[in-house]
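Read off the chains here:
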Amino acid sequence: MFKLFKIFFKIGMFTLGGGYAMVPLIEEEIVEKNDWMSEDEFLDVLVMAQSLPGPLAVNTATFVGYRLKKTRGAAVCCLGTVLPSFLIILTIASLLTNFYQEPKVLSFFRGVRPAVAALIFTAVFKLKKGIDASLFSIVMVVFAILCVAVMSWSPIIVIVVAALSGIFIYPHTKWRV
Amino acid sequence: MKTVLELFLTFFKIGAFSFGGGYVMIPFIQREIVGAHQWLSADEFIDVLAISQVTPGPIATNSSTYVGYKVAGFVGALSGTIGVIGAAFLLALFISKRFEKVKHLPQVKLMFKGLRPAVLGLIFSAGISVGVATVTSYKELAIAVFSFVGIVKFKIHPIVIIAVAGCVGLILF
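As you go down the protein sequences, you meet chains A and B in turn.
Mapping of the first sequence onto my numbering: position 122 corresponds to residue 125, and the numbering continues sequentially without gaps.
Mapping of the second sequence onto my numbering: position 54 corresponds to residue 655, and the numbering continues sequentially without gaps.
Bear in mind the hints are in silico, worked out from the structure with no lab data behind them.
Treat the hints with care, since some could be wrong.
To be verified - List of simulated lysine-lysine pairs, DSS-like, C-alpha gap at most 27 Å:
hint	chain 1	residue 1	chain 2	residue 2
1	B	K614	A	K73
2	A	K36	B	K740
3	B	K754	A	K131
4	A	K129	B	K698
5	A	K131	B	K704
6	B	K710	B	K698
7	A	K9	A	K73
8	A	K72	A	K13
9	A	K36	A	K6
10	A	K13	A	K36
11	B	K754	B	K614
12	A	K6	B	K740
13	A	K107	B	K740
14	A	K72	B	K702
15	B	K710	A	K132
16	B	K756	A	K132
17	A	K129	B	K614
18	B	K698	A	K73
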């Protein structure tokens, strides 16, 4: 149990750049090094983790933990994954609230902000690969943009409508490829 | 105490509806944290995104910890973080117990036929709104364009891009 915690703490500690970066590391520890799961089992877990809302790393860790040690394992793995970033952000937040108004810090962040905008657009490009080029997809994209950017509706409406349309409308569309 | 509870509920809601990981949280957090509750300014929220990118851990948990701390100190950070992972943890636990039964449900696959393009639209909108808020002169535009080309064309790591952009900011602004 402690070993599980240690492994997920380490993964949580050393993966920069969000949840997706953690997946290959989890696979290496669970499938290759420790042989706790087969490659196929891990893939099933991954697909399921991607189908659920919330941070991917948290979902994956919870699934893996449950497989190995039931509910307690799930809690331990989830905690291990989140704890490092929690502590790091806590430290940064407490420091930054004191220095945020410093001119140097302000101009640093003024430079960073346009880069963040660019970063978000690169995510759009990456996502494009997983979507089939059909009229249905285009309607969904436009619908999402209209709701959020033009109508200022909650993204929750978009998510619920999109999920339901996928299940009930997509199978009946003739224009899919 | 009311604020701590509000933090928990707000981030629980954000966690429960963000399919597709990472950046899809942005429009949710913008709406709830910057818009409805005004816990962060629009600029500060973008800065938190930048910090999340250069520190380990999921963006969602990082933002919830930061916002929670700013609004209500350590207890706030705890409450926001537990909130954002709460839904994910409970749902993953629930499914784990029925894993074999739900593994091959065709509805899950179909659901994503609708969700994926919608998520793309959501993230695109988030990019536009962050872009409009930050790019106010040709200097910012140049940083944005160079960053985009750097990541997409030259595959430079986002951490490097953020560090360089910050240093350029120190010189320009």
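> Going straight from one Cα to the other, do A:K107 and B:K740 come out at no more than 27 Å?
Replying inline: 17 Å, holds
>> A:K72 and A:K13 were given as a pair; does the straight-line alpha-carbon distance stay at or below 27 Å?
In response: Given that 27 Å is the threshold and the Cα spacing comes to 19 Å, the pair holds.
> Given the hint that B:K754 pairs with B:K614, does the C-alpha gap stay at or below 27 Å?
Replying inline: With a Cα-Cα distance of about 36 Å, the restraint between B:K754 and B:K614 is violated, given a limit of 27 Å.
> Given the hint that A:K9 pairs with A:K73, does the C-alpha gap stay at or below 27 Å?
Replying inline: The hint holds at about 17 Å.
> Given the proposed pairing of B:K754 with A:K131, does the C-alpha separation stay at or below 27 Å?
Replying inline: 16 Å, holds
>> Hinted pair, alpha-carbon criterion (27 Å max): B:K614, A:K73. Please report holds or violated.
In response: Holds: B:K614 and A:K73 sit about 26 Å apart, inside 27 Å.
>> Hint check: A:K129 vs B:K698, CA-CA at most 27 Å. Holds or violated?
In response: The hint is violated at about 33 Å.
>> Between the alpha carbons of B:K710 and A:K132, is the straight-line distance 27 Å or under?
In response: Holds: B:K710 and A:K132 sit about 16 Å apart, inside 27 Å.
> Taken at face value, is the distance from the CA of B:K704 to the CA of A:K131 at most 27 Å?
Replying inline: 25 Å, holds
> Straight-line Cα separation of B:K698 and A:K73 no greater than 27 Å?
Replying inline: 9 Å, holds
> Is the straight-line distance between the alpha-carbon of A:K72 and that of B:K702 27 Å or less?
Replying inline: 20 Å, holds
> Keeping to a limit of 27 Å between CA atoms, is the pair of A:K13 and A:K36 held or broken?
Replying inline: 14 Å, holds
Comparing the model with each numbered hint stated earlier shows that hints 2, 4, 11, 12 do not hold.
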